[in-house]
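S.K.: Fit chain Y to the known structure of chain C by using the hints.
Protein sequence lines correspond, in order, to chains C and Y. Heads up, the first sequence is in my numbering, so the first residue is 1 and it goes up one at a time. Heads up, the second sequence is in my numbering, so the first residue is 1 and it goes up one at a time.
Residues from chain C shown here face chain Y by an in silico Cβ test under 7 Å; the list is partial:
| hint | residue |
| --- | --- |
| 1 | 5 |
| 2 | 10 |
| 3 | 19 |
| 4 | 20 |
| 5 | 21 |
From chain Y, some residues computed to sit far from chain C (all C-beta separations above 10 Å):
| hint | residue |
| --- | --- |
| 6 | 26 |
| 7 | 41 |
| 8 | 148 |
| 9 | 214 |
Distance ranges between label pairs, derived from CB positions:
| hint | chain 1 | residue 1 | chain 2 | residue 2 | range |
| --- | --- | --- | --- | --- | --- |
| 10 | Y | 97 | C | 51 | 36 to 46 Å |
| 11 | C | 31 | Y | 226 | 48 to 58 Å |
| 12 | Y | 97 | C | 8 | 25 to 35 Å |
| 13 | C | 32 | Y | 97 | 17 to 27 Å |
| 14 | C | 190 | Y | 181 | 21 to 31 Å |
| 15 | C | 36 | Y | 3 | 52 to 62 Å |
| 16 | C | 191 | Y | 97 | 29 to 39 Å |
| 17 | C | 190 | Y | 143 | 34 to 44 Å |
| 18 | Y | 116 | C | 73 | 40 to 50 Å |
| 19 | C | 16 | Y | 16 | 48 to 58 Å |
| 20 | Y | 97 | C | 46 | 28 to 38 Å |
| 21 | C | 187 | Y | 3 | 44 to 54 Å |
The set of hints was computed from the structure by calculation and includes no laboratory data. Quantities reported herein were computed from a predicted structural model and do not represent experimental measurements. Backbone N, C-alpha and C define an ideal beta-carbon position, used for all residues, glycine too.
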Amino acid sequence: MLTTISPTEIADWRQRMPQAFRQPLSVRLRRLALLWGFAALFAWCLYDFGFSPERIVTGFGRLGRVLSFMFPPHVWTEWDEIDAILEGLGETLSMAFLGTILGAILAFPLSFLGAKTINRLPLLRFGVRRGFDIIRAFETLILALVFIRAFGLGPLAGVMAIAVSEVGVLAKLYAEAIENISNKPVEGVVASGGSRLQAVRFAMMPQVMPVLLSITLYNFESNVRSGTILGIVGAGGIGFLLSDRIGAYRWDEAWSIILLIIAMVYVIDALSATIRARFIGTMGTTR
Amino acid sequence: MEKHNLTLSGLGRSFGSTRAVDGVSLDIGPGEFVGIIGRSGAGKSTLLRLINRLIEPTDGRIAFGGQDITALKGKSLREWRRQCAMIFQQFNLIDRLDVLTNVLVGRLAAHGFASSMAMHFTDAERALAIRALDRLDLAPQALQKAGTLSGGQQQRVAIARALVQNPRILLADEPIASLDPGNATRVMDALRSINNEDGITVLVNLHTLDTARAYCDRIIGMRAGRVIFDGGAHQLTGEVVRDIYGSDDLGEFNESVTSTAIRPAVDA
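Isolated chain C (complex conformation) (with noise of 0.2 Å):
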């Protein structure tokens, strides 16, 4: 039988392949102290930011009352109202819109020279990827802040920010997704006698371009997303109307503005999941 096995047999092949059973104690040591290193570390960030738990069990007492505020949500009766947020709203849309697509045609062939598989010049790659962590290293709030200063308030710094920031971002992962590809197709289009650009045009391009339209859809959400609180240092879109409402304490405006951003997040989720769903699958297999 196959399953079935005599405890000579196991004791057999456990003393010949000790390991196979076991591992050895200095593994299992190390693992354990690992392990209760990392127990330590954790209990002490926890003490030494005060985590009590009376502090925890009053805090949600006070998160409950404000999220009672919610309801009934508050419903603007004024045009002039209605128009400012919608306005905040479309604002915070275009401004996300227009800083990815910026970020996005500036990391494009930045891209291509931070990737290993294209720029065989270590010296460069190597000092064009440090360029995107340093740019990564500004939170898109930093660049707003210094933006803000330079161009004034308003939305330009907030377009400004998220372009630049998302520079960083998306060169990074264009390149990771360029090194990913499959070198197959490449062999075969270097092995018919194309050069290495035609080989980048006709065997890279076609495998990263779904991929690369995939983190663009995904970093426009995030944008919208993160986009509001631009707003609340002064660099445009909803994010103002929203901190002026809790800042004056209107708890209930600043949940239905809360709620609208909301909506605004789902409806751009809907439409790029269904944009990315059309255009990768003609994508992927033709051009």
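M.R.: Okay, now just chain Y, sitting in the frame of chain C:
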């Protein structure tokens, strides 16, 4: 262990408007070594996948003994898959896990949530897995990552995984199509010994006619989703072969061109 027949009746599967498998009825006895031949796209892989229920049939029925396989769900479906082990052309191992753990995957059907999430196996199971590897001359590689082995070795790991499932049937989908002649022979020999010594029914999809002739008691020829030949190796005449592969346009069909067997090049 009682012996059961595997019975397919009117089994079919459509993908859109294509009939990948079309009204296949077969009766396969316990301990048979059956080779399925046919050109690419004839439905050989789909047929094996239907039997393992990796693909759902659109019509027809699969029965094993008195059990209706097409109706199985959940736990009993997993139990059926345990009973009909499967090996693949591209081996389908988990490259990043060691060989031993890959073989122990064959025991998962018997495991619950906690032990499998912790990847915990008993000593008896480990010994069993090493014994199966040893049978395929792979015990020394037990602790290597599966991805570091050669193709022939990986396929034998896959067979060891199948063995620890303690299967009644072994489904092999083009098991030697990516292997060199030497490794192909070792893998086919391993399948034959499993068939002889353990009485496991073997259903194997093959590309090469001489392999089918050399190893299979019974050969099934498929074309466009249908079974068009079912008989012994001696009944597989040149005419039948032309019919299966639809090679009217090829003129004479030269078997030695596609052969992967190691043989002296005398007729050259």
